[in-house]
Amino acid sequence: MSKLEKRTITKQSEDFSQWYLDIIREAELAEVAEVRGCGIVRPYGLKIWELIKAELNKRIEDDGVENVYFPSLVPIENLEMEKDHVEGFSPELAVVTHAGGEELTNKLAIRPTSEAAMYKTYAKWIQSYNDLPLRLNQWANIVRWEKRPRPFLRWSEFLWQEGHTVYATEAEAKDEVQKILGIYSDIYKFMSIPAYCGKKSESEKFAGAVETYTVEVMSRDGKAIQGGTSHYLGTNFAEVFDVSYLGADGEKHFGHQNSWGLSWRSVGALIMAHGDDNGLRLPPNVAPIQIVIVPIFKDDAGKTEVLNYAQKLKESLKEYRVKIDDKPNQTPGFKFHYWELKGVPIRLEIGLQEVSGDKVTLFRRDNNTKEIVLTSDLKKRIKELVVEIADNLYQEAAEFSASHIKRIESWDEIDDSQVWFEASWSEDAESEKKLKERFLMVSRELPLGNENKKPNNKKCFITGKEAKHDWLFAKSY
RNA sequence: CGGGGUGUGGCCCAGUUGGUCUAAGGCGUCUGGUUUGGGACCAGAAGAUCGAGAGUUCAAAUCUCUCCACCCCGACCA
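One point on numbering: in the working numbering, the residue at position 409 of the first sequence is 409, and numbering is uninterrupted.
In case anyone wonders, no lab produced these hints; they're calculated from the structure.
All figures in this text were calculated on a predicted structure; none of them were measured in a lab.
Keep in mind that the hints are not guaranteed to be accurate.
What the hints assert, rightly or not - Result set (BS3-like, lysine-lysine): computed pairs, CA atoms no more than 27 Å apart in a straight line:
#	residue 1	residue 2
1	Lys11	Lys318
2	Lys406	Lys459
3	Lys465	Lys406
4	Lys47	Lys223
5	Lys475	Lys205
6	Lys53	Lys189
7	Lys53	Lys223
8	Lys205	Lys370
9	Lys298	Lys406
10	Lys53	Lys406
11	Lys58	Lys47
12	Lys454	Lys465
13	Lys453	Lys406
14	Lys252	Lys303
15	Lys459	Lys433
Stated by the list, open to error - Pair by pair, the computed Cβ-Cβ distance ranges are:
#	residue 1	residue 2	range
16	Lys458	Arg321	51 to 59 Å
17	Asp377	Lys147	51 to 59 Å
18	Gln127	Lys179	19 to 27 Å
19	Ile405	His98	44 to 52 Å
20	Val68	Thr463	25 to 33 Å
C-beta atoms are modelled at their ideal positions from N, C-alpha and C, and glycine is treated no differently.
Model the full structure from these sequences, guided by the hints.
Below you can see the structure in the form of structure tokens.
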């Protein structure tokens with residue numbers, strides 16, 4: 001019973017929201033900042049983001065995108081140039097009104113996204129079709145004064161990557177939208193999370209976009225998290241900022257633009273997709289520490305022997321992120337719990353038993369099981385396990401997601417149980433509003449595979465009118 | 001912006017019909033010692049102008065007023 005009292009994490013089944021906050025605090029990922037809605041991301045939490053970032057950066061650079069950096073302050077009139085854009089973002093703008101001890105004549109917004117910050121410059125850089133395509137990306141901080149912040153998922157200030165590209169033709173631009181969507185989906189797979197790719201409805205798309213594509217992932221409480229978006233902007237912004245080029249035909253044309261972004265919200269998705277009642281469960285790809293070695297000893301003689309052995313093991317595992325937890329005055333049991341809470345995928349327990357037997361006791365966090373491995377087999381076993389753990393977490397999440405999407409045919413089948421559902425929909429905006437009002441659910445996406453497919457049911461599940469496609473709906477964060 | 005709630009050592013919190021409160025307890029921290037195979041134990045220590053201001057009173061963490069901050073449920077939201 002005394003052990004139960006030491007539990008510092010609320011059970012998922014009791015209060016998922018509290019569980020999430022507990023994990024973030026106890027696993028030392030982040031804490032609430034002095035400024036409302038902002039978070040302080042601690043080293044362990046930031047490292048997870050940096051591992052995601054490194055992988056994503058590599059993929060987009062491999063695809064030919066270059067990194068760039070624009071200022072975080074944007075003249076507010078730039079933001080006001082595109083009508084839908086300003087309507088979408090003005091409520092959540094943070095504005096700088098004073099600087100240098102004086103009131104500014106031209107107010108500056110802290111970027112809520114960078115379309116308006118970048119495209120005037122794009123207009124200068126692009127003169128002819130020979131300057132296209134222009135494919136740039138920036139890693140940046142963003143400020144959006146949301147009414148209801150949430151750690152990682154919706155902080156007032158957050159870090160993300162935003163790609164901004166310009167093509168001569170619609171077809172090329174739309175190709176890229178899909179390619180980026182694929183990269184985002186791969187990034188979630190890199191985190192052992194299945195992503196559902198699809199297109200947003202009219203009401204849910206990005207302010208100023210022609211089309212928004214999204215990757216949606218499922219949290220373990222059955223809610224949806226928008227994991228990244230890839231927008232085709234058409235010539236909406238190009239016409240406003242004069243992003244135009246002289247074509248081979250000698251005529252002026254507007255560029256076809258895309259923007260796409262993925263933020264550290266993905267860290268929140270990672271926590272919610274894999275975490276359990278004992279804490280985080282990190283896939284090896286994004287684990288700040290992939291292997292933790294816990295030495296166990298009784299006296300000074302044993303201590304030296306065990307620590308030497310641990311050191312040797314660490315050196316033999318150089319290709320992994322390995323930590324030896326040799327803190328004195330903490331019992332092995334304490335350390336086991338601590339590193340399980342932090343989600344370290346593999347733990348090696350080493351005591352005199354292991355040293356004398358030339359073996360290690362290995363614990364894997366994904367399924368919480370132990371096995372004994374001969375030291376001679378350790379490298380091979382770990383190489384297998386890194387893959388096995390990632391696959392297992394992916395499988396588990398995929399099965400969970402799939403089993404929590406149900407097909408429904410009519411409004412009457414919807415209940416308040418918070419799971420996703422698929423239904424044939426008329427795509428009528430009013431009906432979506434009605435769904436939101438009654439069940440707090442909205443359309444999540446028109447799945448990629450359903451775009452060119454007839455709906456399963458000819459009748460819309462809300463209006464009874466003609467259905468256009470099969471859509472996914474869910475409550476979301 | 002509506003509805004609800006909370007502010008007490010680094011963290012969780014007890015105390016709120018005003019009076020041994022000179023503010024209790026747990027976690028953590030520090031010192032010494034014993035320990036270390038699933039959240040160790042003993043002894044000692046440090047650490048709080050009780051969210052802020054004003055007021056009532058012999059007496060305020062406790063009552064009154066004003067303000068501030070944060071959290072939760074919504075509205076809003078790549």
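Hints and how they fare:
1. Lys11 - Lys318: Roughly 36 Å between the alpha carbons, so the hint for Lys11 and Lys318 is violated.
2. Lys406 - Lys459: 17 Å, holds
3. Lys465 - Lys406: With a Cα-Cα distance of about 21 Å, the restraint between Lys465 and Lys406 holds, given a limit of 27 Å.
4. Lys47 - Lys223: 26 Å, holds
5. Lys475 - Lys205: 16 Å, holds
6. Lys53 - Lys189: 14 Å, holds
7. Lys53 - Lys223: 24 Å, holds
8. Lys205 - Lys370: 47 Å, violated
9. Lys298 - Lys406: Distance ~55 Å between Lys298 and Lys406 Cα, so the pair is violated.
10. Lys53 - Lys406: With Cα atoms ~33 Å apart, Lys53 and Lys406 exceed 27 Å; violated.
11. Lys58 - Lys47: 16 Å, holds
12. Lys454 - Lys465: 15 Å, holds
13. Lys453 - Lys406: 19 Å, holds
14. Lys252 - Lys303: Not OK: Lys252 and Lys303 at ~76 Å, beyond 27 Å, violated.
15. Lys459 - Lys433: 18 Å, holds
16. Lys458 - Arg321: 51 to 59 Å: 54 Å, holds
17. Asp377 - Lys147: 51 to 59 Å: 55 Å, holds
18. Gln127 - Lys179: 19 to 27 Å: 26 Å, holds
19. Ile405 - His98: 44 to 52 Å: 51 Å, holds
20. Val68 - Thr463: 25 to 33 Å: 46 Å, violated
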